[in-house]
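In the order they appear, the protein sequences are chains A and B.
With the first sequence counted from 1, adding 6 to any position gets you our numbering.
With the second sequence counted from 1, adding 18 to any position gets you our numbering.
Bear in mind the hints are in silico, worked out from the structure with no lab data behind them.
Any given hint might turn out to be false.
[What the hints assert, rightly or not] If you only want the chain A side, here are some residues facing chain B, beta carbon under 10 Å, derived:
#1 Leu-105
#2 Leu-282
#3 Arg-289
#4 Val-305
#5 Ala-307
Positions of the beta carbon are idealized from the N, C-alpha and C atoms, including for glycine.
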Amino acid sequence: MLSHLGARALAGAVVLAGVVTLTFLLVRLAPGDPVERLLGPTATPAQLAVQRRALGLDRPLAAQYAIWVGRFARGDWGRSIATGRPVRVLLGEAVPATLALVGTSLILSYLLGLAVGAWQSGASPRVDTAISITTVTLFALPGFWLGLMLVMTFTYWMHWLPAFGATGLDADGLTGWSRLADRLRHFALPLATLTLIGVGGAARFARGAMRDVRSQPFVRTAEAKGLSPFLVTRRHVARNALIPIVTLLGLSLPALFSGAVLVEAVFAWPGVGRRLVEAVQARDYPVVMAATAVTAVLVVAGNLLTDLSVAWIDPRIRREKRQS
Amino acid sequence: MRGLWRDRRAAFGLALLALVTGAAVAGPLVSSGNPTAQHDVVATRFLRPLATDHAGSFHVLGTDRFGRDVWTRLVYGARVSLTVGALAVLLSVVIGVLVGGAAGYWPGPVRTSLLALTDFVLALPRVVLLLLLAAMARPSTVLVIVVLGLTGWMSVARLVHGEVRSLAARPFVEGAIALGVSRGRVLARHILPNALTPVIVSVALGLGNAIMLEASLSFLGVGVQPPTPSWGNMIASGRDTLVNAPWVAAAPGVALVLVVVACTLLGDALQDALDPTTRYETVR
Numbered sequence: 007m008l009s010h011l012g013a014r015a016l017a018g019a020v021v022l023a024g025v026v027t028l029t030f031l032l033v034r035l036a037p038g039d040p041v042e043r044l045l046g047p048t049a050t051p052a053q054l055a056v057q058r059r060a061l062g063l064d065r066p067l068a069a070q071y072a073i074w075v076g077r078f079a080r081g082d083w084g085r086s087i088a089t090g091r092p093v094r095v096l097l098g099e100a101v102p103a104t105l106a107l108v109g110t111s112l113i114l115s116y117l118l119g120l121a122v123g124a125w126q127s128g129a130s131p132r133v134d135t136a137i138s139i140t141t142v143t144l145f146a147l148p149g150f151w152l153g154l155m156l157v158m159t160f161t162y163w164m165h166w167l168p169a170f171g172a173t174g175l176d177a178d179g180l181t182g183w184s185r186l187a188d189r190l191r192h193f194a195l196p197l198a199t200l201t202l203i204g205v206g207g208a209a210r211f212a213r214g215a216m217r218d219v220r221s222q223p224f225v226r227t228a229e230a231k232g233l234s235p236f237l238v239t240r241r242h243v244a245r246n247a248l249i250p251i252v253t254l255l256g257l258s259l260p261a262l263f264s265g266a267v268l269v270e271a272v273f274a275w276p277g278v279g280r281r282l283v284e285a286v287q288a289r290d291y292p293v294v295m296a297a298t299a300v301t302a303v304l305v306v307a308g309n310l311l312t313d314l315s316v317a318w319i320d321p322r323i324r325r326e327k328r329q330s
Numbered sequence: 019m020r021g022l023w024r025d026r027r028a029a030f031g032l033a034l035l036a037l038v039t040g041a042a043v044a045g046p047l048v049s050s051g052n053p054t055a056q057h058d059v060v061a062t063r064f065l066r067p068l069a070t071d072h073a074g075s076f077h078v079l080g081t082d083r084f085g086r087d088v089w090t091r092l093v094y095g096a097r098v099s100l101t102v103g104a105l106a107v108l109l110s111v112v113i114g115v116l117v118g119g120a121a122g123y124w125p126g127p128v129r130t131s132l133l134a135l136t137d138f139v140l141a142l143p144r145v146v147l148l149l150l151l152a153a154m155a156r157p158s159t160v161l162v163i164v165v166l167g168l169t170g171w172m173s174v175a176r177l178v179h180g181e182v183r184s185l186a187a188r189p190f191v192e193g194a195i196a197l198g199v200s201r202g203r204v205l206a207r208h209i210l211p212n213a214l215t216p217v218i219v220s221v222a223l224g225l226g227n228a229i230m231l232e233a234s235l236s237f238l239g240v241g242v243q244p245p246t247p248s249w250g251n252m253i254a255s256g257r258d259t260l261v262n263a264p265w266v267a268a269a270p271g272v273a274l275v276l277v278v279v280a281c282t283l284l285g286d287a288l289q290d291a292l293d294p295t296t297r298y299e300t301v302r
């Protein structure tokens, strides 16, 4: 088990190094210059050169890369070129916002998706078809468009929920319950957007996995010995179907973060995705690098966690690993 | 495969895709013919769906803030979105077949390194990669196709790799080698044609995905650039007029969802038709 985990962690580290290097190359080779944006069109070439030297952008690319890796590893993530704020502070605000959004929607999507898939796998063909049409439609919704439609409905027509940001303008003056209520109201629409799409995908997959298990002989045995349909589903079908589902959960993490980038852009949610989009557009190198590295760490860590949970759910894998 | 045409999912998917493609090809016949036509903007902007303007032109889906006909833009946007999606999928299938075929046929360092590359690209957050790649050059339609193709080939490569590997051990391949056929020819003439069947499923699913991602990129402003209409940049421009003209953003979104649903259903039906263990599903 430990050696297996070690190998996976090593593979994760390789992915991480690759992502960071690739990002560095891409963002540097892209045309556009943060210093020109910073100093504006009236800056003289001499002024530009001074600022570039101050930021260390006049050195060879390889040297800049080595310096960045060294500093990043020591925890010195630099300052944002566009805003002058320390990158660690910027991301320190953004990471919890993204984790709250992505984490909650992931949990809700899979709980709801599993429930729907379980219901569907034992339902009559007509109900099954009706649910399938619903889940395939949810799955096909573009996050940014669904977000806009929810804003149109719940903000502009019904005046129920706020559409932008994580807190209201008066958030600093609020205390206790009203502060919490303000947070939750801002959380509702972005969360609903990501979760609705997530439920579609999770339910589709859960239905397939459960149908596969349901056609196996041991399920017929369980039914034949008189177990109630609920117990058959819960004990025999769901547990076995959980293995591919949890694996998919890990594989869907990159896609979920990608989806969050767009949903954050729509709702002006102050997360990593929105910071990243802004930073790429402004060629704000330190922010792009740190935000990509943080996203990659989260994805890799999520995949490791998935591996562990699959081993925990499936006693066969657990035992195999212990013996080897 | 014959059961496919009786599968309602496949029938719906194919019919819808044919309808959208037909409308896109016959653009000038089914619409006003000019997606960027502006007349008297003040008099024709934000007309509701089913409205007729002062000049007597009928607007099925209303007009946007420049008085442009939303239905015409939707039809011409379909041309852009479908073309971008199809070419991007084509590119990713070509890359995927090359990588997967090579990885399946040549064991040793070639296989190990190509599979590692595939897993690596698969682990990258795709939108981040798309954003960075899209920043490499001035946003353009060609760039979107290249970027989507370069980030979408991995599932095809994995599929082809598995198929090629299992086919390479079959007697008919051994027979071809024993007859003295060169290795490259065995791969091209005997293995790849047999390995490509499951790729059809990836094409159907990938098309929906590519059209959706094109819209996402155009929505973020790094994809197809206005005034060329694409469904993504139409939604982006409708975002600003969500309060007084919700139909501008709603119409392209509905079109997008329908096409992606059609692709997904078609892909599911193909998958079931190709996989004998789930054939019972297509009987319904």
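Verification of the hints:
With its C-beta approaching chain B no nearer than about 15 Å, Leu-105 (chain A) sits outside the 10 Å limit, and its interface hint is violated. Hint on Leu-282 (chain A) holds. Least Cβ distance to chain B is approximately 7 Å, under the 10 Å limit. Because the smallest distance between the Cβ of Arg-289 (chain A) and any Cβ of chain B comes to about 8 Å, under 10 Å, the interface hint for this residue holds. With its C-beta approaching chain B no nearer than about 6 Å, Val-305 (chain A) sits inside the 10 Å limit, and its interface hint holds.
Hint on Ala-307 (chain A) is violated. Least Cβ distance to chain B is approximately 12 Å, over the 10 Å limit.
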